[in-house]
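**Student:** Given the coordinates of chain V, work out where chain A should sit on it, guided by the hints.
Residues per chain are reported as follows:
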Amino acid sequence: MKKAGITIKDLHLSFGPTEVLKGVNLDIKPGEFFAFLGPSGSGKSTLLRSIAGFGPRPKGSILIGGKDVVALDPWKRNVGMVFQSYALWPHMSVRDNVAFGLRERRIPAADIATKVQEGLELVGLAHLADRMPNQLSGGQQQRVALARTVVTEPEVLLLDEPLSNLDASLRVQMRRELLRLQRKLGLTTIFVTHDQEEANTTSDRMAVLDGGVIQQIGTPQELYDTPANLFVANFLGTANILEGKVETEGGQARFRTTTGDTLALPEGKTASGTNIVLRPQNITLQRDPGANALAGQVLHREFLGGQIRYLIKAGGAEIVVDQSHRAGRDWFEPGMAVHLLANTDSAVVL
Amino acid sequence: MSNTHETPVATGLAERMPGWLFPRLSGLHIVALFIALLLTGLLLIPVAQVIFVAFQNPATGALTLQNFVDFFGTSLFRESFWNSFYVSAMSVVVATAIALPLAYITTRFHFSGSILIQSLGFIPLIMPPFVGAVAMQLIFGRNGTVNLLLGERFGINIPFMEGLNGVILVQSIHYFPFILINLSASLRNIDRSMEEAAQNLGSSGMRLFRKIVFPLAMPGYVAGAALVFIKVFDDLGTPLLLNVNNMLAPQAYLRISGVGISDPMGYVISVILVAFSILSLWASFLVMRGKDYATVQKGGGGMAKRDLKPAEKVAAYGVVIFILLVVLSPHIGLALLSFGTIWSFAPLPDAYTLQNYVTMWAGSKTFIVNTVLYAGIAATLDVILGTAIAYIVIRTKIFGRKGLDYLATAALAVPGVVLGIGYLRTFHAIDVPLIGKPLASWWVIIAMALMIRRLPYALRACMAALQQVSLALEEAAESLGATKRRTIQKVVVPLMTGGILAGFVTSFATAAVELSATIMLVSSNNDAPLAYGIYLFMQTPSGRGAGAALGIVAVIVVAIGTIASQIIIERDKKLKASGDVQ
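Chains V and A are the protein sequences, given in the same order.
No gaps in the numbering here: position 267 of the first sequence is 267 in the working numbering, and each next residue is one more.
Position in the second sequence (first residue = 1) + 1000 = the working numbering.
Calculated directly from the structure, the hints in this document are not laboratory data.
Every residue gets a Cβ at the ideal spot worked out from N, C-alpha and C, and that includes glycine.
Hints may be right or wrong, so weigh each one.
Unchecked claim - Here are the computed lysine-lysine pairs in the DSS-like style, where the Cα-Cα straight-line distance is at most 27 Å:
id, chain 1, residue 1, chain 2, residue 2
1, A, Lys-1484, V, Lys-115
2, A, Lys-1573, A, Lys-1484
3, A, Lys-1309, A, Lys-1211
4, V, Lys-22, V, Lys-59
5, A, Lys-1437, A, Lys-1365
6, A, Lys-1490, A, Lys-1397
7, V, Lys-76, V, Lys-9
8, V, Lys-184, V, Lys-115
9, A, Lys-1490, V, Lys-76
10, A, Lys-1490, A, Lys-1573
11, V, Lys-115, A, Lys-1490
12, V, Lys-184, V, Lys-3
13, V, Lys-29, V, Lys-59
14, V, Lys-9, V, Lys-67
15, V, Lys-115, V, Lys-3
16, A, Lys-1402, A, Lys-1490
17, A, Lys-1484, V, Lys-59
18, V, Lys-59, V, Lys-3
19, V, Lys-76, A, Lys-1397
20, A, Lys-1484, V, Lys-67
21, V, Lys-59, A, Lys-1397
22, V, Lys-3, V, Lys-67
23, V, Lys-76, V, Lys-59
24, V, Lys-59, V, Lys-9
25, A, Lys-1397, V, Lys-22
26, A, Lys-1484, V, Lys-76
27, V, Lys-313, V, Lys-245
Unchecked claim - Label pairs and their in silico Cβ distance ranges:
id, chain 1, residue 1, chain 2, residue 2, range
28, V, Val-172, A, Phe-1034, 52 to 62 Å
29, A, Val-1444, V, Glu-118, 52 to 62 Å
30, A, Leu-1033, V, Gly-65, 38 to 48 Å
31, V, Pro-56, A, Gly-1400, 18 to 28 Å
32, V, Gly-66, A, Leu-1037, 41 to 51 Å
To be verified - A short list of chain A residues far from chain V (calculated; beta carbon distances all over 12 Å):
id, residue
33, Ile-1035
34, Ala-1097
35, Ile-1261
36, Thr-1359
37, Ile-1569
Pulled out of the complex, with its shape left as it was, chain V reads as follows (with noise of 0.2 Å):
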């Protein structure tokens, strides 16, 4: 199949007097599984719908293997979409609603037959050819959408939250089987999605957005660790977010929060900003004081599993900790003193 890499320049959008999209500007590489991030109303399927063709037409360019597509029909556009309600057809059988697109290419019907079974058998449905939509479990629903996608041959493969209508076991393994079938096809794919545990275990890379502008792109991985700005901070994973300000004392920097304590940053970092950023994980709790350590109190516990999680009241602020539970080791209990001490190794300065 076509590889085609996806560009998107300057990209505005307004519904009426609200502005949905305020420039975007994005690189998809061909055959990259990408995923849109975001909390609702951020833009995320607004701008999936504008690479389909739905909606008002956008201003700014939109280029799909190097053609500009803004202007075109979303019929005249080579661009798969997989609906977040499935909408397979109720009047067609699973046969039909997969040869549509074909049909609509003037394929012969030799042809479509044999690539509609080709595409019922890639996700496993070759045997409920004949049945109606309403006979089918959601899970089978959403395959049916997928092959009546993936038989058209698109150059993209467009997935609006295909699994928020998934109950939670099936949602893991559909995960699996949609990265499984994008690695076997090598469509370039962008999968548009509130969870980030969905966008971080199957995108190669994702943005992340927020009042219709991308506030980051990236790997998963790069995106948590070393996130831009306190949305992207906030928004993937917990962050526990500190004030105050950096300062240099003989070549060492620290940070110094807006309550005097003072966090040693890592020798040779070069940071600037008034924000520090610090995930749960990287927080050590004890009960001495110690170099770097911030003295705090002991807010409430909560008992995970294989986590403890404490709230912490320290630094001028309400600080989660995440300390991972053995069997048999004693809990820090709710009013006591404790100590924090942070590996600033993992810390973000914004």
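**Tutor:** Frame of chain V, contents of chain A only:
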């Protein structure tokens, strides 16, 4: 598709003019424009014409209120006005008395007769009221079955059918299902938790009913009652057949058909009828606004039903059977009349025969053929227009699309008599080429009147059908390469088929028995449809048997239509049950 920005080689005049002078019209724009013109010509202009003439001095053509002064200065018209109002209001009262116990029993109790009520309760609607009127006279009239039996036993005679009483009885028996349907629906839609919350807070019995159940069901009741009021107020056939002429609609008909189309009184009455229609639609809109209590939540199961005690069960059955007997009396009477030889001054016909059906068949082939033709044309056009308008209103951004919806729906507020008068007045001066007679007396105009009258209902059916087609289903087709036109053809219309078909069948069945507009427009008996045929038969005592037989045919046509449309809708629902997860 490689180059969509090709510059045309030849730049015509249009290219050099400002863009707004030659807007680029898509196929849908042209369709919208055509529909707008059609509705303007067949609805807006005729009705505007009627209203205009009502305010015009017939001699000089100057605008005046004199016609209204004359109208209210004539004692016959004042009486007619009062009678129409009285009959409509009383019909609402009697219809409520019939509908309320039925609705209450079916929705509040485990009652095995519920299914009986639900199916039989709608039967009155499948018979045009004027058809039942004659049969009702034979049963409830001064010398009808009931009074003969009462006279024999108790020496009394109750004037059920005397004058206005007759109209009230016939109309309320015919139209009570409107209240029953709406009231039962709103009672059923009240979430059980609403009631349980009140019980939990200490409310029960009548107080619970008055404070919670009744207010929640009120919008449904008012909607039904307003519909009954206006249907009765506008109806022409029933008073005409019962020979009650001192009401508004019959007066309008008699003035126009007797005095002529230049007599202003018919127009004044038309304006009053339209005004009342709008008033009652507006009133029901005001009551309904913001009170769409769609209270059934996820998992909620409608109202709590309780079991009846044995004595209550007997009483409930008694009430239900009595009401159903009264309600079905027109059908029973009509059947007896159609199979009877002579039925006069006797509780039942003297003997039974099939002769009436033979006479009817010989004398009314034209009526039946005409009916199928007119109702077929009307219903076909209705669903085509309905589908087009629904698509334009719901799926496009064409300027003025809401206007199309309003215009088509406005036909609801135009009584048949008024539309008929409007057509006579507007189209009598327009000659049809090749036919050589005025448009107003050409049979096609009857079909057009039926089409306009049924359009609002067909449009609602089409809109409901389209709203059930999720937008994603269309987008899926487009993203797989289907153009707008292909998408409509392969996905939208097939998915709407159920709704469209149901709309067609309902339009056809009700258009087939419509009398009030057609009676004004039938220019010769050769052009007459079934409803008018029944009316003609019923004019003579000897024709009543055959008229009843034709009435039975009408009832069967409408019944088949109603059942068919129900089956179609049910089947459609099942198909769409889980095709698209939303």
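**Student:** All hints, please: hold or fail.
**Tutor:** Verification of the supplied hints:
no., hint, verdict
1, A:Lys-1484 to V:Lys-115, "25 Å, holds"
2, A:Lys-1573 to A:Lys-1484, "25 Å, holds"
3, A:Lys-1309 to A:Lys-1211, "25 Å, holds"
4, V:Lys-22 to V:Lys-59, "10 Å, holds"
5, A:Lys-1437 to A:Lys-1365, "24 Å, holds"
6, A:Lys-1490 to A:Lys-1397, "22 Å, holds"
7, V:Lys-76 to V:Lys-9, "20 Å, holds"
8, V:Lys-184 to V:Lys-115, "16 Å, holds"
9, A:Lys-1490 to V:Lys-76, "17 Å, holds"
10, A:Lys-1490 to A:Lys-1573, "19 Å, holds"
11, V:Lys-115 to A:Lys-1490, "21 Å, holds"
12, V:Lys-184 to V:Lys-3, "12 Å, holds"
13, V:Lys-29 to V:Lys-59, "22 Å, holds"
14, V:Lys-9 to V:Lys-67, "12 Å, holds"
15, V:Lys-115 to V:Lys-3, "19 Å, holds"
16, A:Lys-1402 to A:Lys-1490, "26 Å, holds"
17, A:Lys-1484 to V:Lys-59, "23 Å, holds"
18, V:Lys-59 to V:Lys-3, "25 Å, holds"
19, V:Lys-76 to A:Lys-1397, "21 Å, holds"
20, A:Lys-1484 to V:Lys-67, "23 Å, holds"
21, V:Lys-59 to A:Lys-1397, "20 Å, holds"
22, V:Lys-3 to V:Lys-67, "13 Å, holds"
23, V:Lys-76 to V:Lys-59, "19 Å, holds"
24, V:Lys-59 to V:Lys-9, "9 Å, holds"
25, A:Lys-1397 to V:Lys-22, "24 Å, holds"
26, A:Lys-1484 to V:Lys-76, "11 Å, holds"
27, V:Lys-313 to V:Lys-245, "19 Å, holds"
28, V:Val-172 to A:Phe-1034: 52 to 62 Å, "55 Å, holds"
29, A:Val-1444 to V:Glu-118: 52 to 62 Å, "56 Å, holds"
30, A:Leu-1033 to V:Gly-65: 38 to 48 Å, "40 Å, holds"
31, V:Pro-56 to A:Gly-1400: 18 to 28 Å, "20 Å, holds"
32, V:Gly-66 to A:Leu-1037: 41 to 51 Å, "47 Å, holds"
33, Ile-1035, "25 Å, holds"
34, Ala-1097, "44 Å, holds"
35, Ile-1261, "50 Å, holds"
36, Thr-1359, "47 Å, holds"
37, Ile-1569, "15 Å, holds"
In this structure, every one of the numbered hints holds.
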